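K.L.:
Protein chains in written order, with our numbering: chain A, 1 to 208; chain B, 1 to 218.
Read the hints as simulated data drawn from the structure, not as lab findings.
Treat the numbers as computed from the prediction; the structure is a model and nothing was measured.
Fair warning: there could be bad hints in the mix.
[To be verified] Partial list, computed: chain B residues near chain A (C-beta under 10 Å):
#1 M1
#2 I6
#3 L11
#4 L23
#5 L27
#6 D78
#7 L79
#8 A81
#9 S83
#10 P84
#11 M85
#12 E88
#13 Q183
#14 R218
[Stated by the list, open to error] Take a look, some chain A residues computed to stay more than 10 Å from chain B by CB distance:
#15 T6
#16 R34
#17 I39
#18 R46
#19 L51
#20 H71
#21 V75
#22 T78
#23 E83
#24 A91
#25 G93
#26 N116
#27 G160
#28 R192
Even for Gly, the Cβ is constructed at its ideal location relative to N, Cα and C.
Given next are the chains, with one letter for each unit.
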Amino acid sequence: MELRVTDLAVARAGVPVLEGVSFRLLPGRALVLRGPNGIGKTTLLRTLAGLQPALSGRVEAGEDAIAYAAHADGVKATLTVAENLGFWARAFGTRGVGAALAAMNLEALADRRAANLSAGQRRRLGLARLLVTGRPIWVMDEPTISLDAASVALFGAVVGRHLAQGGAALIATHIDLGIAAEVLDLAPFKARAPGLGGRIGAFDEAFG
Amino acid sequence: MIALLIRDLRLAIRAGGGFGLGLAFFLLVAVIVPLGVGPEQAVLAKIAPGILWVGALLACLLSLDRIFALDFEDGSLDLLATSPMPLEGVVAVKSLAHWLVTGLPLVLAAPVLGVLLNLPVAGYGWLLVSLALGTPALSVIGSFGAALTVGLKRGGLLMSLLVLPLYIPTLIFGAEVVKRGAQGLAVGTPLALLAGITAGAVALLPFASAAAIRVNLR
């Protein structure tokens, strides 16, 4: 399943942040997004995930192909690790959380309430959710926050296996996951100011 | 869908889930009012339908802001929005879960509290029927208010102001059913209007709520 982005422009709170973004992500490949804070990595990923509309341009992916992992893990503190993961498995219509628990080294914690997890363990649970979605394209926003070196390596291996099985991954990250990935630097795509010929955002339309 | 319902019910009954919050509030209202109004049985019998319905309505209002706010804060709402479930379905299921946790216990507890307020015997059946028909509308309308204010910090006040006017018709017709039932009058008209409001709200508002959430997630 291929992800094709053509001349995409995205806005955060009505202000254009990126424009002219184009790339293709083929099955089995990973693409790492780089760029300074505030350049619009999260905004771009949320747009690709379908949570907000693009200002212009096209995003082509198969129906229900993208699994999105945000900064927040969506973990319920009063449910156990297995209950949290089991809910997402059923929500996405897949079965069995055992493989995902094993892959993210959570088996020993399966019956522990999520409230009692450390930040890194909670993050591993959030990432294990990607495995139970059964979707081919993983879109991840800073997935390695609060992971230790061993967990980063573990997660890198999980992503590597996903790619080997024909999946694809789009990752906004500042650290090396140890997988072969192309790098897309977003700095050249920064939206121009309206005075320099850039587009006028929705905010300005309302007041201009 | 069923998974979401089970998850929401499970969250509600675990520690800190808010199950029983509305019920406890309802109980307090029904216990305190006779103390404040005084023991004249005729007065209590007269105000009982209205007090019970106002109590139920405020008890519902109390737990509304939890419907979506908790899922928004921990990121679940983003993930639910990108899941295969349609957002309209998510809203409908969460409204149902809210009713099961808040509305249904109120319906079942109301006859007991009617005794405290000296509700005439003929009114008990109608109290049950009117609450059973009316409280689903309270949950669905409340979900709409919660959806409109989901991204706001401390949006509870704004949500109450938005939701209360929409609750008024349900309150008027619900209390009217009990009042007329208690006096042995025909209840057909207010009952039909109450059921109509609920049917309309349940059919239409999940779509409006889902649209509001989509805007608020941007």
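K.L.:
Give a verdict on every hint.
P.N.:
Outcome of the hint check:
1. M1: The hint holds - M1 (chain B) has a Cβ within 10 Å of chain A, the shortest such distance being about 9 Å.
2. I6: Given a least distance of 8 Å, the restraint on I6 (chain B) holds.
3. L11: At about 6 Å, which falls below the 10 Å cut-off, the nearest Cβ of chain A leaves the hint on L11 (chain B) intact, so it holds.
4. L23: violated, 19 Å
5. L27: Status violated, d = 24 Å.
6. D78: OK, holds: D78 (chain B) within 10 Å of chain A, min 5 Å.
7. L79: holds, 4 Å
8. A81: Hint holds; A81 (chain B) Cβ to chain A Cβ min 6 Å, cut 10 Å.
9. S83: holds, 5 Å
10. P84: holds, 6 Å
11. M85: holds, 6 Å
12. E88: violated, 15 Å
13. Q183: violated, 47 Å
14. R218: Holds - the Cβ of R218 (chain B) comes within 10 Å of chain A, reaching about 4 Å at its closest.
15. T6: holds, 21 Å
16. R34: R34 (chain A) is indeed farther than 10 Å from all Cβ atoms of chain B, at 23 Å.
17. I39: Given that every Cβ of chain B is farther than 10 Å from that of I39 (chain A), nearest at about 19 Å, it holds.
18. R46: violated, 8 Å
19. L51: violated, 5 Å
20. H71: violated, 7 Å
21. V75: Not fine: 7 Å to the nearest Cβ puts V75 (chain A) too close to chain B.
22. T78: violated, 4 Å
23. E83: violated, 7 Å
24. A91: Not fine: 5 Å to the nearest Cβ puts A91 (chain A) too close to chain B.
25. G93: violated, 6 Å
26. N116: The claim stands: N116 (chain A) keeps its Cβ more than 10 Å from every Cβ of chain B (closest is about 13 Å).
27. G160: For G160 (chain A), whose nearest Cβ neighbour in chain B is about 24 Å away, the distance exceeds 10 Å, so it holds.
28. R192: holds, 22 Å
Of the numbered hints given earlier, the model fails hints 4, 5, 12, 13, 18, 19, 20, 21, 22, 23, 24, 25; all others are met.
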